[in-house]
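Novice: Spelled out from the first residue to the last, the chains are:
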Amino acid sequence: MNSFEFKNFYILTIQVILAFLLSSLIIILLGASPLDVFKNIFNGAFGRPEKIVKTLLIFLPISLASLALIITFSTGLWNIGIEGQIVLGAIGATVIAKSFLGENALSPLYQLIIGVSFGSLWGLFCGFLKVKFNVHEIFGGLGLYFVGSGAIIYLILGPWSKEGIASTSGTDIFNKASWFPTFSDLNIPALPILIVSVILILSIVFLGFTKTGLKLKATGTNPDSTEKFQFSSGIYIFIAFAIAGGIAGLAGVFQASVFHHKLVPSISGGYGFLSILIVLASGKRIIPTMLLALFFSAMIAGGSQLQLRLNLHSSLISIILSSVVFFWLIVNSEVLKTKLNKLFLKDT
Amino acid sequence: MELKISKISKQFGSVKANKNISLKIESKKIHALLGENGAGKSTLVKIISGHYKPDSGEIYVDKNKLELGSTLSSISNGIGILSQDPLDFQNLTIKESFLAGSKKFGKYFREKNIEKLLNESFKKYEIKLDIRSKIKSLSIGERQQIELIRLLFENSKIIILDEPTNGFSLKQRELVFSMLKKLSNEGYIIILVSHKLDEVFELCKEATILKNGSKIKTIPIPYERKKIVDLMFKGDKSVNKIKNPISKIKKDNMHIDLKYYKKGIAKIPEGKKIGVIGLQGSGNDQFIKKIFDKSISITRIVNKEREMLEKENIYYTPSDRLEKGLFSDLTLIEHMALSDNRNNFINWKKIKEYSSKKINEFNIKGNLNSQAKELSGGNQQKLQLSLIPDQKGLLAIEQPTRGLDLNSTQSVWNKINERINDDICLFFSTTDIDEVWDQSDWIISFSGEKITDISEKKNIKKSDIKYFISGVKNK
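These protein sequence lines map, in sequence, to chains A and B.
The first sequence: position 327 = 327 (my numbering), numbered continuously.
The second sequence: position 440 = 440 (my numbering), numbered continuously.
Calculated directly from the structure, the hints in this document are not laboratory data.
A couple of the hints might just be wrong.
What the hints assert, rightly or not - Below, simulated DSS-like cross-link-like pairs (lysine-lysine); rule was C-alpha separation at most 30 Å, straight line: (1) A:Lys-132 x B:Lys-311; (2) A:Lys-339 x B:Lys-16; (3) B:Lys-311 x A:Lys-228; (4) B:Lys-211 x A:Lys-228; (5) A:Lys-217 x B:Lys-324; (6) B:Lys-415 x A:Lys-211; (7) A:Lys-132 x B:Lys-289; (8) B:Lys-373 x B:Lys-311; (9) A:Lys-228 x B:Lys-352; (10) B:Lys-116 x A:Lys-228; (11) B:Lys-304 x B:Lys-290; (12) B:Lys-259 x A:Lys-228; (13) B:Lys-357 x A:Lys-228; (14) B:Lys-290 x A:Lys-217; (15) B:Lys-450 x A:Lys-228; (16) B:Lys-349 x A:Lys-228; (17) A:Lys-284 x B:Lys-349; (18) A:Lys-339 x B:Lys-259; (19) B:Lys-373 x A:Lys-228; (20) B:Lys-350 x B:Lys-324; (21) B:Lys-324 x A:Lys-284; (22) A:Lys-211 x B:Lys-16; (23) A:Lys-211 x B:Lys-196; (24) A:Lys-211 x B:Lys-136; (25) A:Lys-217 x B:Lys-352; (26) B:Lys-415 x A:Lys-228; (27) B:Lys-53 x A:Lys-228; (28) A:Lys-211 x B:Lys-392; (29) B:Lys-263 x A:Lys-228; (30) B:Lys-136 x B:Lys-373; (31) B:Lys-251 x B:Lys-211; (32) B:Lys-196 x B:Lys-373; (33) A:Lys-284 x B:Lys-136; (34) A:Lys-217 x B:Lys-259; (35) A:Lys-211 x B:Lys-324; (36) A:Lys-217 x B:Lys-304; (37) B:Lys-349 x A:Lys-217; (38) A:Lys-228 x B:Lys-16.
Taking the hints into account, I'd like the entire structure generated from these sequences.
Specialist: Below is the structure:
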């Protein structure tokens with residue numbers, strides 16, 4: 001192991017230890033035992049096979065949203081609108097599930113096509129505003145997210161309201177044919193797992209081994225130089241938004257048809273925003289992002305256990321997670337890294 | 001007044017940046033520190049300004065000994081540095097930037113007094129600027145003039161200029177130089193750090209030549225140029241006369257459509273080097289860019305038919321290397337991968353072999369994983385050149401050697417000259433009369449965004465060019 005890798009490794013260790021210390025401190029302040037909390041979270045996430053499946057169901061959309069964000073971040077874009085793209089994907093899935101196709105055995109396939117297209121279009125729209133009208137993607141994305149979440153409330157209370165009474169608890173449960181097929185008694189979502197694995201591999205190949213991926217990165221570092229290399233930064237911004245929006249849309253489809261089996265107002269679960277933190281904290285690299293996404297999913301899945309067992313409100317998890325990320329980013333900063341290096345690696 | 005530097009040495013790791021340097025600089029004699037990149041000029045300047053602490057040695061201003069390594073001590077002894085890029089606030093007006101930046105006025109001040117002071121010094125040094133104009137509307141030369149005034153307001157008595165004329169037009173240079181001469185006559189000590197002999201001869205009365213961290217000699221100016229070059233490069237093998245190949249084969253004429261400049265069609269044979277000269281901002285760089293984006297169309301004979309030149313055969317490099325020519329955060333090898341047009345999948349192993357070959361061939365000081373922004377200007381330019389495909393094409397190169405030292409300049413030209421015989425032709429822009437004269441077969445002159453002359457070099461004299469570029473018709 002050369003010294004560079006060693007340095008990264010020990011900084012990671014410090015980060016993990018500090019993150020645990022910090023969350024323990026928060027837990028102690030709230031009057032509980034950190035050991036109990038961590039044990040319960042772990043059991044809640046991985047304790048029994050069906051719990052692992054639940055963790056996985058949370059991991060799928062988070063990992064997709066994170067991959068989508070890695071692509072836009074590579075292109076130098078702050079795709080805050082990812083939440084909106086997830087919402088549109090879920091709306092796309094519901095369009096199919098609520099139509100005559102919803103009883104068709106191929107409904108999941110149609111949902112994938114429409115949901116991905118909806119998300120992709122929403123992303124492209126944001127890119128269009130940026131390239132053609134010079135609207136910063138943060139504002140464009142946020143605006144489009146508000147439009148999307150307004151639309152979802154309207155749809156749930158209006159055209160897609162429950163039989164008899166409209167309620168913000170969501171639409172009726174989808175027809176069984178619109179659920180994604182699962183296997184074994186544990187309801188393992190085999191198809192979504194397969195799809196996410198394929199997208200994961202494709203992302204690694206796309207960003208690491210294709211010229212298109214490299215051009216996205218080039219556009220992100222310096223759009224003014226693209227003219228000399230005879231490609232247009234605008235087109236690559238579109239490409240990034242189209243791909244990221246599509247992947248986010250897929251996350252939305254999974255949220256609607258794999259997790260909830262219906263459309264609910266908070267269909268995105270805040271996973272888009274959470275993924276922004278995950279991607280930033282893991283330095284926009286794919287594998288660390290996936291690991292961190294898994295960790296976060298486990299925390300969220302295990303967190304629901306806390307209320308039951310320890311009488312702690314499950315929002316405690318959000319507090320812990322966000323403090324951990326916050327702290328993580330501080331430790332990750334170059335300034336602190338240099339200082340840590342000085343402190344612990346005096347000879348190098 | 002005098003500045004006395006005594007036995008200064010400074011070592012960084014294994015590199016001896018300054019070796020036992022002693023010299024004396026007096027007022028009324030503008031002094032040049034001459035030397036190639038890496039000669040130790042910047043280190044010495046940073047020691048004088050207090051940014052570096054030398055390993056040994058002393059510095060005196062008159063009888064006062066400087067506390068070395070303390071910028072505060074240097075400033076309070078009247079040492080002021082004018083850096084290459086003016087450090088100013090783009091969005092403020094000239095007056096506001098003085099209010100914000102100068103300690104002279106204290107916490108409480110009256111705007112009227114400041115206006116009066118500023119206007120007085122502007123008048124004294126013949127700066128024709130309105131103190132209410134925004135800094136960003138000024139040229140880089142004007143901004144350096146303002147920075148000089150600021151140094152005076154900070155009570156600097158010793159002014160060190162670190163390669164201040166990068167990006168200057170001739171006229172801006174004259175303005176700044178005349179101000180410096182005036183200051184020198186008033187008793188200020190002026191030190192010019194440079195590797196450009198022309199400006200040293202124009203401005204200075206004395207020069208100290210540094211090489212590899214040691215002082216070679218202090219000489220009076222004027223001095224025989226050839227001897228100075230010999231002193232600067234003594235022992236360097238790489239400095240050969242630039243090879244300038246002459247093609248003997250008769251080639252077809254290209255037709256260059258200049259209707260944008262209301263000039264009709266220029267006919268120039270293929271395989272030639274066409275220098276486009278003009279002052280900064282005269283439109284000569286834009287000419288090169290227009291060839292690239294085909295606003296100027298060029299036709300040539302291919303298989304006995306006259307054909308328009310395709311964009312993929314035009315190889316262009318802009319003068320803003322890092323801003324428009326390269327991707328600052330991408331590595332060398334990533335740049336090579338981007339320039340490889342074969343297919344969408346990247347075979348990193350192949351690219352790696354290819355890149356290593358190119359890095360060697362172009363003698364780029366950096367490794368495969370160096371980011372473009374980590375390279376020096378010369379190496380960035382070599383990287384740009386190494387990205388040009390090997391296939392025959394038209395080279396359109398903006399300011400090939402801007403800001404480069406002599407060594408890099410020569411290797412850049414050698415690289416271009418190696419291939420130009422097999423290329424369609426070379427268009428390059430420059431602001432340097434020597435360069436255009438040495439390197440071109442044809443010369444296009446620009447003044448005020450207009451073409452003032454197009455001639456084959458053998459039909460004009462070198463001394464004509466300065467008239468062409470200043471827009472004076474009468475030779």
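Novice: Each of the hints needs a verdict: does it hold here or not?
Specialist: To see whether the hints hold, each was checked on the structure:
1. Between Lys-132 (chain A) and Lys-311 (chain B) the CA atoms are separated by roughly 25 Å; this keeps the pair inside 30 Å, and the hint holds.
2. Between the alpha carbons of Lys-339 (chain A) and Lys-16 (chain B) the distance comes to roughly 28 Å, so the proposed pair stays at or under 30 Å and holds.
3. At most 30 Å may separate the alpha-carbon atoms for a hinted pair to count; Lys-311 (chain B) and Lys-228 (chain A) meet this at roughly 11 Å.
4. Using a Cα cut-off of 30 Å, the hinted pair Lys-211 (chain B) and Lys-228 (chain A) is violated, with the two alpha carbons roughly 37 Å apart.
5. For the hint pairing Lys-217 (chain A) with Lys-324 (chain B), the CA-to-CA distance comes to about 15 Å; that is within 30 Å, so the pair holds.
6. Simply put, Lys-415 (chain B) and Lys-211 (chain A) have alpha-carbon atoms about 27 Å apart, close enough for the 30 Å limit, and the pair holds.
7. Straight-line distance between C-alpha atoms of Lys-132 (chain A) and Lys-289 (chain B) comes to about 24 Å, which keeps the hinted pair within the 30 Å bound.
8. Only pairs whose Cα atoms come within 30 Å are accepted, and Lys-373 (chain B) paired with Lys-311 (chain B) is accepted, the gap being roughly 28 Å.
9. About 22 Å separates the Cα atoms of Lys-228 (chain A) and Lys-352 (chain B), which keeps this hinted pair within 30 Å; it holds.
10. Restraint check for Lys-116 (chain B) and Lys-228 (chain A): not satisfied, since their Cα atoms lie roughly 49 Å apart, outside the 30 Å limit.
11. About 26 Å separates the Cα atoms of Lys-304 (chain B) and Lys-290 (chain B), which keeps this hinted pair within 30 Å; it holds.
12. With a C-alpha separation of about 24 Å, the suggested pairing of Lys-259 (chain B) with Lys-228 (chain A) holds against the 30 Å cut-off.
13. Restraint check for Lys-357 (chain B) and Lys-228 (chain A): the C-alpha separation of about 23 Å stays at or below 30 Å, so the hint holds.
14. With a CA separation close to 27 Å, the supplied pair Lys-290 (chain B) and Lys-217 (chain A) stays within the 30 Å bound.
15. Pair hint Lys-450 (chain B) plus Lys-228 (chain A) holds up; C-alpha atoms about 25 Å apart against a cutoff of 30 Å.
16. Taking the CA atoms of Lys-349 (chain B) and Lys-228 (chain A), the gap is near 25 Å; set against the 30 Å cutoff, the hint holds.
17. About 24 Å separates the Cα atoms of Lys-284 (chain A) and Lys-349 (chain B), which keeps this hinted pair within 30 Å; it holds.
18. Between Lys-339 (chain A) and Lys-259 (chain B), the direct Cα distance comes to roughly 62 Å. Violation of the 30 Å bound is thereby established for this hinted pair.
19. The suggested pairing of Lys-373 (chain B) with Lys-228 (chain A) holds, with an alpha-carbon distance near 17 Å, which does not exceed 30 Å.
20. A hinted pair counts as satisfied when its Cα atoms are at most 30 Å apart, and Lys-350 (chain B) with Lys-324 (chain B) qualifies at roughly 27 Å.
21. With a CA separation close to 25 Å, the supplied pair Lys-324 (chain B) and Lys-284 (chain A) stays within the 30 Å bound.
22. Between Lys-211 (chain A) and Lys-16 (chain B), the direct Cα distance comes to roughly 43 Å. Violation of the 30 Å bound is thereby established for this hinted pair.
23. Between Lys-211 (chain A) and Lys-196 (chain B) the alpha-carbon distance is near 42 Å, which puts this suggested pair outside the 30 Å criterion.
24. Using a Cα cut-off of 30 Å, the hinted pair Lys-211 (chain A) and Lys-136 (chain B) is violated, with the two alpha carbons roughly 38 Å apart.
25. Between Lys-217 (chain A) and Lys-352 (chain B) the alpha-carbon distance is near 19 Å, which keeps this suggested pair within the 30 Å criterion.
26. For the hint linking Lys-415 (chain B) to Lys-228 (chain A), the alpha-carbon distance of about 20 Å falls within 30 Å, and the restraint holds.
27. For the proposed pair Lys-53 (chain B) and Lys-228 (chain A), the alpha carbon gap of about 43 Å is over 30 Å, so the pair is violated.
28. In summary, the hint linking Lys-211 (chain A) to Lys-392 (chain B) is supported, as the alpha carbons are separated by about 24 Å, within the 30 Å threshold.
29. The hinted pair formed by Lys-263 (chain B) and Lys-228 (chain A) meets the criterion: a straight-line CA distance of about 27 Å does not exceed 30 Å.
30. Taking the CA atoms of Lys-136 (chain B) and Lys-373 (chain B), the gap is near 25 Å; set against the 30 Å cutoff, the hint holds.
31. The straight-line distance between the Cα atoms of Lys-251 (chain B) and Lys-211 (chain B) is roughly 45 Å, outside the 30 Å bound, and the hint therefore fails.
32. With a C-alpha separation of about 25 Å, the suggested pair Lys-196 (chain B) and Lys-373 (chain B) falls inside the 30 Å cut-off, and the hint holds.
33. A hinted pair counts as satisfied when its Cα atoms are at most 30 Å apart, and Lys-284 (chain A) with Lys-136 (chain B) does not qualify at roughly 36 Å.
34. As the CA atoms of Lys-217 (chain A) and Lys-259 (chain B) are separated by approximately 39 Å, the hinted pair breaks the 30 Å bound.
35. Distance restraint check for Lys-211 (chain A) and Lys-324 (chain B): the Cα-Cα separation of roughly 19 Å lies within the 30 Å cut-off, and the hinted pair is therefore satisfied.
36. The suggested pairing of Lys-217 (chain A) with Lys-304 (chain B) is violated, with an alpha-carbon distance near 43 Å, which exceeds 30 Å.
37. With a CA separation close to 20 Å, the supplied pair Lys-349 (chain B) and Lys-217 (chain A) stays within the 30 Å bound.
38. With a CA separation close to 40 Å, the supplied pair Lys-228 (chain A) and Lys-16 (chain B) exceeds the 30 Å bound.
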